[in-house]
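As they're listed, the protein sequences go chains V and C. For what it's worth, the numbering used here labels the leading residue of the first sequence as 1, then goes sequentially. For what it's worth, the numbering used here labels the leading residue of the second sequence as 1001, then goes sequentially.
Some clues are possibly wrong.
[To be verified] Calculated pairs, DSSO-like style, for lysine-lysine (alpha carbon to alpha carbon, straight line, at most 27 Å):
| # | chain 1 | residue 1 | chain 2 | residue 2 |
| --- | --- | --- | --- | --- |
| 1 | V | Lys194 | C | Lys1026 |
| 2 | V | Lys193 | C | Lys1093 |
| 3 | C | Lys1093 | V | Lys184 |
| 4 | V | Lys193 | C | Lys1105 |
| 5 | C | Lys1105 | V | Lys184 |
| 6 | V | Lys194 | C | Lys1018 |
| 7 | V | Lys193 | C | Lys1097 |
| 8 | C | Lys1097 | V | Lys194 |
| 9 | V | Lys184 | C | Lys1097 |
| 10 | V | Lys194 | C | Lys1105 |
Think of the hints as simulated: they come from the structure by calculation, not from any bench. Predicted model only: the values in this text are computed from it and were never measured.
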Amino acid sequence: MSSILISSQSFTSARDIARRAAQMLDYRHVDEEVFSAASARFDVQQVKLREAFEREPSMFGMSGATRKRMLAYLQATLSAMLLEDGLVYSGPHAHALVTGVSHVLRVKLVASAAHRSAAIIRDEGLSPKKAIRRVATDDERARAISEVLFGKDVSEEGFDLVVDVGESEVDGAAEAIAGAVREKRYVPMSFSKKVMREVELAHRLRSLLVDLDADAAVEVVDGGVNVRAHAPGSKRVKTAGTIEQRLHGIDGIEQVHVQVFDNDLTSAGRR
Amino acid sequence: MSGSLDVLVLDDEPLVGKRLKVVLTKMGCEVEAFDDPMAALVRIDEKEFDIVITDVVMGEVDGLQVLDRVQHKSPRSKVIIITAYAMMAMARKAMEKGAFDFVAKPFVPSEMRSVVARAAHALGVELETS
Chain V
1 MSSILISSQS
11 FTSARDIARR
21 AAQMLDYRHV
31 DEEVFSAASA
41 RFDVQQVKLR
51 EAFEREPSMF
61 GMSGATRKRM
71 LAYLQATLSA
81 MLLEDGLVYS
91 GPHAHALVTG
101 VSHVLRVKLV
111 ASAAHRSAAI
121 IRDEGLSPKK
131 AIRRVATDDE
141 RARAISEVLF
151 GKDVSEEGFD
161 LVVDVGESEV
171 DGAAEAIAGA
181 VREKRYVPMS
191 FSKKVMREVE
201 LAHRLRSLLV
211 DLDADAAVEV
221 VDGGVNVRAH
231 APGSKRVKTA
241 GTIEQRLHGI
251 DGIEQVHVQV
261 FDNDLTSAGR
271 R
Chain C
1001 MSGSLDVLVL
1011 DDEPLVGKRL
1021 KVVLTKMGCE
1031 VEAFDDPMAA
1041 LVRIDEKEFD
1051 IVITDVVMGE
1061 VDGLQVLDRV
1071 QHKSPRSKVI
1081 IITAYAMMAM
1091 ARKAMEKGAF
1101 DFVAKPFVPS
1111 EMRSVVARAA
1121 HALGVELETS
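So that you can see chain V by itself, here it is in the shape it has in the complex (with noise of 0.2 Å):
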């Protein structure tokens, strides 16, 4: 069975949609559930991992390296779950957590201000003019947050498929989404499963790392893992170290290939 990851514009049904794409295919259908496993196998406060994803990026509010942390162990427990096949997982950002598996169906839910703004007026009591306000509000902050945590705004991009929520409502964006994953593309292959297992690895790796650096990039190809990550110039040496002891026995894991970039010197050239 495949996957699916789904992101939403807010005020679009998108939890509703996803119970009931995962109701007609069969599948398990997560979310809070991703947080919560998150929480208990880190060690964070779950309060913690919504803010990353869910607060406005602001000078006193949670830094972008503690934001960054937060997603590697999201995406760590995403990706462990993903290893087996079935799931339906919405969430912000669902999307862009676990990217270049073939048989996990990407989907992003849309509507117009319009049609957000009535679900605004009925769920929340605003007025037409503060509902207007809020979606714009809703979606800049989407766009904010994920700047800090992609580096980029991921809002727009990386879907298999985008479905209007205002046009199909929840029956029909629900068949959309569950048409569209029945299709032969996505069906598990060997190399599906095995890009899944080494995605998995990665960001497990990751996890582990990111207390060193927020930004250290994991990539795990045929047993070989890559690990690029950035160090002061005097701890570059021992960061080194330190990744290659931590990474150190762990199945799947025949070669391990570590850079540490100067960070001075990284910082130097944005200046």
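Let chain V serve as the given structure and place chain C on it in line with the hints.
Showing chain C alone in chain V's frame:
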């Protein structure tokens, strides 16, 4: 049902065909290995194979063209794509066109035994994988 299957292996790297032939013959398959895509296409036109295992990138003929030809000749045949240049878009395209499986190189013999056994099972034939 147990029995033998006719398998065609096509890879422009002769060693791949040679090694797969050994592995699959041990499973009880009748294997014909080709490193020339044109010769393989001629053979596919002549004979209905149960399983075709083909590389993708082979010069003038690619594995997806082989897939098309096999499906035209024998829709029941199972086509397994193998490639060292595995990409998500290519994998999805192969599956969309009706490939039975898409396997990235390098692979170990047990992986291919397992894939071929599944293809055989889909054809109603049980093969030993050990």
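Hint by hint, here is what the structure shows:
1. V/Lys194 to C/Lys1026: Status holds; Cα separation ~25 Å.
2. V/Lys193 to C/Lys1093: holds, 16 Å
3. C/Lys1093 to V/Lys184: Judged against 27 Å, a Cα distance of about 9 Å means the pair holds.
4. V/Lys193 to C/Lys1105: holds, 14 Å
5. C/Lys1105 to V/Lys184: holds, 22 Å
6. V/Lys194 to C/Lys1018: holds, 25 Å
7. V/Lys193 to C/Lys1097: Status holds; Cα separation ~19 Å.
8. C/Lys1097 to V/Lys194: Satisfied, since the Cα-Cα distance of roughly 21 Å is no more than 27 Å.
9. V/Lys184 to C/Lys1097: holds, 8 Å
10. V/Lys194 to C/Lys1105: holds, 11 Å
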